[in-house]
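Given the sequences, and given the hints that come with them, work out the whole structure.
Next come the chains, spelled out residue by residue.
Number of protein chains: 2
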Amino acid sequence: MSYFGEHFWGEKNHGFEVLYHSMKQGPISTKELAEFIRERATIEETYSKAMAKLSKLASNGTPVGTFAPLWEVFRVSSDKLALCHLELTRKLQDLIKDVLRYSEEQLKMHKKLKEEAGGTLDAVQVLAGVSQLLPKSREHYLSRCMDQERLRRESTSQKDMDKAETKTKKAAESLRRSVEKYNSARADFEQKMLDSALHFQTLEETHLRHMKALLGAYAHSVEDTHVQIGQVHEEFKQNIENISVEMLLRKFAESKGTGREKPGPLDFEAYSAAALQEAMKRLRGAKAFRLPGLSRREREPPAAV
Amino acid sequence: MSYFGEHFWGEKNHGFEVLYHSMKQGPISTKELAEFIRERATIEETYSKAMAKLSKLASNGTPVGTFAPLWEVFRVSSDKLALCHLELTRKLQDLIKDVLRYSEEQLKMHKKLKEEAGGTLDAVQVLAGVSQLLPKSREHYLSRCMDQERLRRESTSQKDMDKAETKTKKAAESLRRSVEKYNSARADFEQKMLDSALHFQTLEETHLRHMKALLGAYAHSVEDTHVQIGQVHEEFKQNIENISVEMLLRKFAESKGTGREKPGPLDFEAYSAAALQEAMKRLRGAKAFRLPGLSRREREPPAAV
Numbered sequence: 001m002s003y004f005g006e007h008f009w010g011e012k013n014h015g016f017e018v019l020y021h022s023m024k025q026g027p028i029s030t031k032e033l034a035e036f037i038r039e040r041a042t043i044e045e046t047y048s049k050a051m052a053k054l055s056k057l058a059s060n061g062t063p064v065g066t067f068a069p070l071w072e073v074f075r076v077s078s079d080k081l082a083l084c085h086l087e088l089t090r091k092l093q094d095l096i097k098d099v100l101r102y103s104e105e106q107l108k109m110h111k112k113l114k115e116e117a118g119g120t121l122d123a124v125q126v127l128a129g130v131s132q133l134l135p136k137s138r139e140h141y142l143s144r145c146m147d148q149e150r151l152r153r154e155s156t157s158q159k160d161m162d163k164a165e166t167k168t169k170k171a172a173e174s175l176r177r178s179v180e181k182y183n184s185a186r187a188d189f190e191q192k193m194l195d196s197a198l199h200f201q202t203l204e205e206t207h208l209r210h211m212k213a214l215l216g217a218y219a220h221s222v223e224d225t226h227v228q229i230g231q232v233h234e235e236f237k238q239n240i241e242n243i244s245v246e247m248l249l250r251k252f253a254e255s256k257g258t259g260r261e262k263p264g265p266l267d268f269e270a271y272s273a274a275a276l277q278e279a280m281k282r283l284r285g286a287k288a289f290r291l292p293g294l295s296r297r298e299r300e301p302p303a304a305v
Numbered sequence: 001m002s003y004f005g006e007h008f009w010g011e012k013n014h015g016f017e018v019l020y021h022s023m024k025q026g027p028i029s030t031k032e033l034a035e036f037i038r039e040r041a042t043i044e045e046t047y048s049k050a051m052a053k054l055s056k057l058a059s060n061g062t063p064v065g066t067f068a069p070l071w072e073v074f075r076v077s078s079d080k081l082a083l084c085h086l087e088l089t090r091k092l093q094d095l096i097k098d099v100l101r102y103s104e105e106q107l108k109m110h111k112k113l114k115e116e117a118g119g120t121l122d123a124v125q126v127l128a129g130v131s132q133l134l135p136k137s138r139e140h141y142l143s144r145c146m147d148q149e150r151l152r153r154e155s156t157s158q159k160d161m162d163k164a165e166t167k168t169k170k171a172a173e174s175l176r177r178s179v180e181k182y183n184s185a186r187a188d189f190e191q192k193m194l195d196s197a198l199h200f201q202t203l204e205e206t207h208l209r210h211m212k213a214l215l216g217a218y219a220h221s222v223e224d225t226h227v228q229i230g231q232v233h234e235e236f237k238q239n240i241e242n243i244s245v246e247m248l249l250r251k252f253a254e255s256k257g258t259g260r261e262k263p264g265p266l267d268f269e270a271y272s273a274a275a276l277q278e279a280m281k282r283l284r285g286a287k288a289f290r291l292p293g294l295s296r297r298e299r300e301p302p303a304a305v
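Order-wise, the sequence lines are chains A and E. Numbering-wise (full-length UniProt numbering), the first sequence opens with residue 1 and increments by one. Numbering-wise (full-length UniProt numbering), the second sequence opens with residue 1 and increments by one.
Worth flagging that the hints you see were computed from the coordinates, not collected in a lab. Each residue gets a CB set at the ideal place from its N, CA and C atoms; glycine is no exception. Hints may contain errors.
If the Cβ cut is set under 10 Å, some of the chain E residues that face chain A in the computed set are [stated by the list, open to error]:
#, residue
1, L19
2, V76
3, S78
4, G119
5, S131
6, S157
7, A172
8, M193
9, H220
10, A274
Now the in silico label distances, taken between C-beta atoms and shown as ranges [claimed, not checked]:
#, chain 1, residue 1, chain 2, residue 2, range
11, E, G285, A, D162, 21 to 29 Å
12, E, E72, A, L83, 18 to 26 Å
13, E, G285, A, L151, 58 to 66 Å
14, A, E87, E, S2, 42 to 50 Å
15, A, A52, E, K31, 16 to 24 Å
16, E, E72, A, V64, 51 to 59 Å
Below, the structure is given as structure tokens:
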């Protein structure tokens, strides 16, 4: 639909000015979009850094105690979240480059259209000029008609009547020229204005398509990251679920355990017999021997000593 | 499974110390969890504020031009994202309160267990004491045995032999008492240590269940927000898609349009005839009349004049 070709006429012919002014907003909106994305990229970067800091907090969680292994889950999750947001930052920074590239392209298109629109601006001004002249010309003709009629009613001399008639005819001729000029300027304006309106519409259409493609890329990046973040959350939840209380207790017992051997009771007879044996051995010198059937445990006090 | 009842024995009986030390990490990990969640809440609050600022940037987007209505989509989306993250902040702040409530509860449980563990600590120390005496007692008995044997080999007098034998018997008696003391201390230690180990395990189990429930609530809040954010992204994408280029062009044309009436061409005959009529009318005074079949357009110059 040629919306611009239909809606920018009307009294005073301001349509061209409105369209021209609107066109100049195009590069502004492109610049604003770049600013918006830049701001978003900064927000994501800040968030990413904060998450990396949070990961450090998790790393510093007490390494002792049964809860310790769960800090690792927090650390990994925070690190991954930091990465997701950093990746979004980078994608948005790339997108800003695309926006700026388009911005340059757009300025070139605008320069070209501004040159073409010069002719239309002239036509608008010419039409405005002849439109101002026309009522003056009409008023002049009207005055001559009234003068002539007044003379006729006053029954003035034929000579004066002839003079008045000549004046009226001249005024009519002048009015005819004004009307012709107006019609010519109007026709020129209509053609040029229509051409320009269609050009403006094409330009805006191209602009909007480009901008929408950029918005699509923006939405896509944000959504991609959102999916990744969802995976990190899911992983976090799964990891927490997978590390059961029983597993944490076992892990702690196995890694921090001091041994499974309880101190055994001592049998006095065996203990004292072993001491006696050792006394005999010492008397015989350094030469060691062992009585068969006497284990280490029976000869010596247990581990605690 | 009684992991703690099995893994904290071994040489030197350090198991109790390890378990006691580990228990004291429980409140530390609770405090650290509260700190972690507080940090996360702060991060979300900062992000929320940044999003609100971003929404303002979108509100300030140029209101002129065809792209203008799309800024509203950005503004709404940013506002909603700000709200999602603010809501997460609030949920996390509530969660911190739960963590701190549990922390107080935990300290009470610890106080109770510390009191109960006092008896076990005593048993550990008694066992350590008798374990140190035992080798001394043994060495003393062993020396007496050697003395007696040496006298026997040297064929000492019966009297000296009798004296030595008495000394050996006394040393054996002393050793028997040491062994009995050790056995009694050992049995007491084993029972108390086992009780305490089971208590420690129950405490750690309760702690871990509580902590895991808090982590579950944390994950749930984060996930809830994630789902909401996903809806905001989906909405953003849909809104951008729904606002077609054609719709933007039409909206712009309709709201900023200057009119659909083109300036019409003038017919000189009708235009001059109308001027003549007006001249006659003026001469007749202010009384207005209209010639039938003569439209306004034919009588006057068009809108532009």
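Okay, the hints, checked on the actual structure:
1. L19: For L19/E, the interface hint holds, since the closest Cβ of chain A sits about 9 Å away, which is under 10 Å.
2. V76: This interface hint is violated because 14 Å lies over the 10 Å limit.
3. S78: holds, 9 Å
4. G119: Cβ of G119/E sits 18 Å from chain A, so the hint is violated.
5. S131: holds, 4 Å
6. S157: Result: violated, 20 Å to nearest chain A Cβ.
7. A172: For A172/E, the interface hint holds, since the closest Cβ of chain A sits about 6 Å away, which is under 10 Å.
8. M193: Where the cut-off is 10 Å and the nearest Cβ of chain A is about 8 Å from M193/E, the hint holds.
9. H220: holds, 8 Å
10. A274: With a minimum Cβ separation of about 9 Å from chain A (threshold 10 Å), the hint on A274/E holds.
11. G285/E x D162/A: 21 to 29 Å: Check passed, 28 Å falls within 21 to 29 Å.
12. E72/E x L83/A: 18 to 26 Å: violated, 33 Å
13. G285/E x L151/A: 58 to 66 Å: Once the Cβ atoms are compared, 19 Å apart, the range 58 to 66 Å for L151/A and G285/E is violated.
14. E87/A x S2/E: 42 to 50 Å: For E87/A and S2/E the Cβ distance comes to about 47 Å; the hint holds.
15. A52/A x K31/E: 16 to 24 Å: The hinted range 16 to 24 Å holds for A52/A and K31/E, with Cβ atoms some 22 Å apart.
16. E72/E x V64/A: 51 to 59 Å: holds, 55 Å
Violated hints, in rising order: 2, 4, 6, 12 and 13; the structure is consistent with all others.
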